[in-house]
Structures are given as structure tokens and as C-alpha cells.
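Asks: Each number in the working numbering corresponds to the 1-based position in the sequence shown with 135 added.
Hints listed in this document are in silico derivations from the structure and should not be mistaken for laboratory results. Quantities reported herein were computed from a predicted structural model and do not represent experimental measurements. Cβ coordinates follow ideal geometry from the N, Cα and C atoms, glycine included. One should not assume that every hint holds.
Said to hold, decoys possible - Restraint-style ranges between C-beta atoms, simulated for each label pair:
1) G777 / D331: 34 to 42 Å
2) T471 / E592: 30 to 38 Å
3) L714 / G624: 21 to 29 Å
4) Q812 / G538: 47 to 55 Å
5) Q541 / E634: 17 to 25 Å
6) P413 / G538: 46 to 54 Å
7) A358 / R778: 49 to 57 Å
8) G759 / K479: 33 to 41 Å
9) G641 / G801: 24 to 32 Å
10) E634 / A520: 30 to 38 Å
11) P413 / G348: 51 to 59 Å
Unchecked claim - Cut-off 25 Å, straight-line C-alpha distance, at most; resulting in silico cross-link-like pairs (SDA-like, lysine to any residue):
12) K558 / E545
13) K780 / L387
14) K172 / L387
15) K378 / A167
16) K191 / A154
17) K715 / Q647
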Amino acid sequence: MSQNLSSTIRTVALVGHGAAGKTTLAESLLAASGAIKSRGSVEKGSTVCDFDPIEKELGHSLQSALVSFKTGGAHVHLIDTPGYPDFASQAISALAAVDTALVVINAQTGIELSSERMFTLAGERGLCRMIVVNKIDADNIDLLALVNDIRARFGKQCLLLELPLHHGQDVVELLGHADGESDFASVAAAHRDLIDQLIEEDDSLLARYLEDGLEPSAQELHAPFESALRAGHLIPILFVSAKTGAGVAQLLDALAKLAPSPAEGNPPPFYRDEPGKPPQAFLAQPDEELPVLAHVFKVVVDPFIGKLGVFRVHQGTLRKDAQLLAGSAKHPFKVTHLYRLQGKDYVEVPALIPGDIGAIAKVDEIEFDCVLHESHEQDSIHLKALQFPQPMQGLAVHPRRKGDEQRLFEVLNKLALEDPCFKIERHAGTHETVIRGLGEMHLRTKLLRMQQQYKLELDTSAPQIAYRETITAQADGHCRHKKQSGGAGQFGEVMLRVEPLARGAGFEFADQVKGGAIPGVFMAAVEKGVRQALVEGAVAGFGLEDLRVTVLDGKTHAVDGKDIAFTTAGRKATLDAVLKASPIVLEPVVNIEVLAPQPSIGDLTGDLAARRGHVTSTQPRSNGHVAIGGQIPLAELGDYQGRLKSLTAGQGSYSISFSHYAPVPGATQQQLASKYQALSLGDE
Numbered sequence: 136m137s138q139n140l141s142s143t144i145r146t147v148a149l150v151g152h153g154a155a156g157k158t159t160l161a162e163s164l165l166a167a168s169g170a171i172k173s174r175g176s177v178e179k180g181s182t183v184c185d186f187d188p189i190e191k192e193l194g195h196s197l198q199s200a201l202v203s204f205k206t207g208g209a210h211v212h213l214i215d216t217p218g219y220p221d222f223a224s225q226a227i228s229a230l231a232a233v234d235t236a237l238v239v240i241n242a243q244t245g246i247e248l249s250s251e252r253m254f255t256l257a258g259e260r261g262l263c264r265m266i267v268v269n270k271i272d273a274d275n276i277d278l279l280a281l282v283n284d285i286r287a288r289f290g291k292q293c294l295l296l297e298l299p300l301h302h303g304q305d306v307v308e309l310l311g312h313a314d315g316e317s318d319f320a321s322v323a324a325a326h327r328d329l330i331d332q333l334i335e336e337d338d339s340l341l342a343r344y345l346e347d348g349l350e351p352s353a354q355e356l357h358a359p360f361e362s363a364l365r366a367g368h369l370i371p372i373l374f375v376s377a378k379t380g381a382g383v384a385q386l387l388d389a390l391a392k393l394a395p396s397p398a399e400g401n402p403p404p405f406y407r408d409e410p411g412k413p414p415q416a417f418l419a420q421p422d423e424e425l426p427v428l429a430h431v432f433k434v435v436v437d438p439f440i441g442k443l444g445v446f447r448v449h450q451g452t453l454r455k456d457a458q459l460l461a462g463s464a465k466h467p468f469k470v471t472h473l474y475r476l477q478g479k480d481y482v483e484v485p486a487l488i489p490g491d492i493g494a495i496a497k498v499d500e501i502e503f504d505c506v507l508h509e510s511h512e513q514d515s516i517h518l519k520a521l522q523f524p525q526p527m528q529g530l531a532v533h534p535r536r537k538g539d540e541q542r543l544f545e546v547l548n549k550l551a552l553e554d555p556c557f558k559i560e561r562h563a564g565t566h567e568t569v570i571r572g573l574g575e576m577h578l579r580t581k582l583l584r585m586q587q588q589y590k591l592e593l594d595t596s597a598p599q600i601a602y603r604e605t606i607t608a609q610a611d612g613h614c615r616h617k618k619q620s621g622g623a624g625q626f627g628e629v630m631l632r633v634e635p636l637a638r639g640a641g642f643e644f645a646d647q648v649k650g651g652a653i654p655g656v657f658m659a660a661v662e663k664g665v666r667q668a669l670v671e672g673a674v675a676g677f678g679l680e681d682l683r684v685t686v687l688d689g690k691t692h693a694v695d696g697k698d699i700a701f702t703t704a705g706r707k708a709t710l711d712a713v714l715k716a717s718p719i720v721l722e723p724v725v726n727i728e729v730l731a732p733q734p735s736i737g738d739l740t741g742d743l744a745a746r747r748g749h750v751t752s753t754q755p756r757s758n759g760h761v762a763i764g765g766q767i768p769l770a771e772l773g774d775y776q777g778r779l780k781s782l783t784a785g786q787g788s789y790s791i792s793f794s795h796y797a798p799v800p801g802a803t804q805q806q807l808a809s810k811y812q813a814l815s816l817g818d819e
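Generate coordinates for the entire structure from the input sequences, incorporating the hints supplied.
Replies: This is the structure:
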């Protein structure tokens, strides 16, 4: 049995923008708690969390890392997450494993893109949130302005739990101090604001406070604090300097005394699928004696151990040698080794209880987001799926060495197992293998990993934009396929109708044939031919979507009616109808967010307009930067990284996420169609 009771466990994720100092803060927490002898350095590549060779080379986190330590009677499981938007999948998936999100904000740069996004996502998931302002000892910072910005952006429920002291060399806890000095604001006023917020959670404390003027003790305030934190009525603001250690002891104290245990937080609802019914929600119970429920939030393909599933135990006791099922897998597997992770180290343990985070190796059935359980009665149980940004940045990849084609797909599939935002596409028409990610940095690190870890050399090129085709009118199509070659012949005739559907509706197939004109046994072949036509496209060779195909009539032959004949007829009849239905080409449009210095804004908005983009918002940041929001066709961003660097003297950054598909300009459609026709003639 694990030596930790669930009531002593704290699960915490460090989230926030890149360069906010999350990894250094994790090191300081480990050192201050005694888990390591001394704090490592990101610059020297000696930290516990950034252990990957590529992370050491680049000087920032690429993946989430797990560590644990003991402090103040609590056992803390901490996940350090990457902050740059390109690696958002690692940070988002960590939210499924914790009860508390520590949103780390750089005092020098203020609230940045990833910090704001992770604060919102953690709130949507019902997590308790704390804001940690790091680098409070830096020069030329305005902490009061930053606190005001935090409260303006995140809400008045963001209240000071501490105040910095002696120019960021120390901090003072407000729960234990009713007066005193600080670098800004009044300790007495901040203390009173915090107490006022907390006693509103407890009617008896509020009545006593109002009637007798008696301030509750710290012990009496624990339950109201927990209630306010869980309800989102209080989001504490803490201050640290991870490099000097200022505020680190106070943060450890806050985690031990104030962060929720598995029984005190807001557990994510599980869902049970039942035939013919909507999914039924229920909460796992952090009870060691109940059947096991554990959720896999991370998969790692380790070059030495193999496939590793990292999970949070929500219910029951998971023991070594237990028999478990992964998702809807038919056969159970035996837990031969059970681990806790401490950075790159695997620490074997006999059991894990509710709230524990652990790992199992060498189990092929384990997949990202699956639920580990004990019986087939639980096969249909799952958590609400995490919402990840859609990978839009693409690169076409080609093995440099002949004969590496098969190995390329093996390596790519391993990388895709680890990263929900890394996708692989194979385009039959262009014979391109395209990898897609969240940005240039995301894809560059994947290429580096393939080169260093798997010794796979690749050439890259710009991929074809993922255009789509659709129709704008209703039309009928017809094909009679007849083939006679001396022996048995082929005959199949199909008449059908195509109709446009709403954008994003996909494809619908309907059979309205009367009197058996096309025998039911051949209808699957007709649908197969229709789907082949949709994949091929009709105008420019891109897949067709958002349309309904209804088969109306047809003919067969007693001897020559065959599947292949109706497949061919279905395909050609679809293409015939589509070409009559005013087809158009659609292009992907993405949301874009650009963060850049104020003086560059005019040039940037002009450049976006020249690229057929339009700006929807501009928001000033506390560090002299401005965030520009807008939408732009993906096809216009091929050289944007270099252009942004030029216009902002290297100080700008951007991220994109998929928005919708929209019709391309007429001239672009004509160019794409002409190119497709030329390629088709060349193939002939």
C-alpha cells in the first residue's frame, strides 16, 4: 500500500507562457523541499524537468515533466509544462491530471498569450487556480501595475495572498499578518480584502465578524478558503523569485495547507455510454477500496523502456501485478511494473492510490485519453475529451536515404502517439507525406528528434495547402458503365442527385431507388464509387465535402451486373453531377494572434491586410506590447515568420488556430483548376 493517504496528496500543474520561469520554479520547489540537494540550471541543462537532450540544446521545455516531493505533511505531484504555443498539447493534457493550476506570470513581460489561455482552460475544466508572479526581483518592473492588469483581465476574485518585500528579496503572507511593510500596496488593506472575501463563504464566521468584530483564525479560515478556491470565488496571487528563492517557502506552505486534496477539489466527471441513451455522467470517488479508474493523459515512447502510459488514479488502488483493461480493449494486461516519474527517472512502487500520478510501461493497448479499469462493465467509461488546437502548420517530408520510406512512417507514428497536436497526412494525388503541427518551432523540434534519436534524415518542402471542394447548387448526374471484353462483361447504370449542405456538415448518402432497379446487394458498391469521387475531387483534385448524394434510379443486368460496374458508375455519375452543381474550391482560414511591440503595429496590420487578412482586435499588454487578433487564409502565411521577424526586429511572435473554410478568389480557383487539368493530361 502506498504510504501516502489521499487526503495528503496535492496534484499541481505549472502552466504559463514560455520563459516565465516554470522549470526554474520547479527546481526551486524540489530543492526547498529537500527532494534534491541543490537547484539545477536551465542554462546549464542540469534541471530535473528539462532532461531531454533537445530541451537542453534549445534551453526551454518541449514536453510536460513529472516530479514529486513532500512538504508540510503533504505529498505533491507537480507537472512542469512547456509554455510556448507550439507545444500547447503537453500543457493542455496536464490539466486532466491535476486539481490545481499554478499560472506562472513573468513580472518582466506581464500577462502573455499562453498564460491567458491556460488560465481560461483551467477555469473551464473546473480546476482550482493560483497565480504565481515570478521574477519579482528583476529591474524596472511595476508589480502594482501588473496586479491591476491581472485583476482587470482575470477578474476581481484575483486577490493578493502575499506581498513582495525588500524589492522582491522576500514576501509577506497576508493571512498571518494584519499590518506591516511591502514593496507596494498596504498590507493592512490587502489583509482585510482577503479576510472579507473568505468569510463570505461561511455564514457563522461572517456573523461573528460583523457582530463582534472578531477576525477568524487561520485554522478557521481553511474551510472557507477551500470553498472559495473550489468555486472560483478566490484566485490567490503569490509572488516568487525562483532564482533567489524568495517566496518559495511560502509557496510550498500554500500548496501544503491551501491547495485541495483529491477529495477537496473539483473532480472531472466521467461518462458512461449506453446504447440509445446520451452519455451518463458520474463522479469517481477517491476511495482506495473501490474498483480502479485511472485516466491516461500522456504517452511516451521511450527508446529504452518502450511505450509508457502516464496516468492519474481517480478511484481505487492500482497495484503491481493487477489485471487491468485499457479503454475498450478486449483482453486484460498484467501490471508487471508500476512507476512514479521523477523527471527522467522511473521509481518503481508497489501501489498507487487516488490522486497519485504514475506510469505503466510496455503495454500496447494503452492509448492517450483512455481509461484504465478492472472489468468489461466499465469498457464504455471515458472522460470528456480535451479540446486541442487544430494543427495547421505543415511540412512535406521525404526520406533522404533510399529505402527509408517504411521506417519514416514507423517513426512518425511513434511521434504521433506522444502528441495529440502532431498529425500525419498522406496525399495520394500529390504523393506527399505531410506532417502538421502548431507552428514552425513545433515541426522543427520533431525533425530534430527524428534526426538525433532515430537517425532519420529528411528533406522538407512547403506542402500543398489543404484546399477542399464543395458545390453551391443542386444537380443530377448519370453514368451507364458497360464493358464487354470477350468473356463476362460489366454493366451498371446509376442516376443520382447532389445537393449542397451547410459548411462543416460533411457528407450524406441516401438511397431512394424504387422497385429494385438497383438491387440492394449493389448499393454498397455505388456508395463506394461515390466516396471515391469525393476523395478525387472534380475541379482541382481536392476532396469534396458538405454535400448530400441521393441515388434515384438505375439499371442492372442479370449476368453482367457486378460490384465493379456499379462502383465505376457511381463514381462517374457523381463527378458528372458535381460539375453541373456550380462547384467551388474552399481554402482554410485561420485565427491569428500576433504579439509585437507597439511601434510595429501599423506595419503589421498593413501587412495582414495585404495578405487578405482582417484584424478583429488589438489589446495592449502591460509590457509595451500589443496583441493583434484577426483571421487570414492559411495560404498567405508561407513566409510570415520571416516577415514578422523583419517588421519587429525579432521581437514579434504569432500563433494560429483553425477557424473555417471559405471560398477562394475566382482567379485562384482558375489557377488551381488549370494546374489540375494539366496534371491529369500529363498522367494520361
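Asks: Hint by hint, note whether the structure agrees.
Replies: Here is how each hint holds up against the structure:
1. G777 / D331: 34 to 42 Å: Given a distance of about 53 Å, which is not inside 34 to 42 Å, the answer is violated.
2. T471 / E592: 30 to 38 Å: Since the Cβ atoms of T471 and E592 sit about 36 Å apart, the hinted range of 30 to 38 Å holds.
3. L714 / G624: 21 to 29 Å: holds, 28 Å
4. Q812 / G538: 47 to 55 Å: Given range 47 to 55 Å: violated, Cβ gap about 35 Å.
5. Q541 / E634: 17 to 25 Å: violated, 42 Å
6. P413 / G538: 46 to 54 Å: holds, 51 Å
7. A358 / R778: 49 to 57 Å: holds, 55 Å
8. G759 / K479: 33 to 41 Å: holds, 39 Å
9. G641 / G801: 24 to 32 Å: holds, 26 Å
10. E634 / A520: 30 to 38 Å: Holds, at about 31 Å.
11. P413 / G348: 51 to 59 Å: holds, 52 Å
12. K558 / E545: Holds - the C-alpha atoms of E545 and K558 are around 13 Å apart, at most 25 Å.
13. K780 / L387: With a Cα-Cα distance of about 40 Å, the restraint between K780 and L387 is violated, given a limit of 25 Å.
14. K172 / L387: It holds: about 17 Å lies between the C-alpha atoms, which stays within 25 Å.
15. K378 / A167: The hint holds at about 12 Å.
16. K191 / A154: holds, 14 Å
17. K715 / Q647: holds, 21 Å
The earlier numbered hints that this structure contradicts are 1, 4, 5 and 13.
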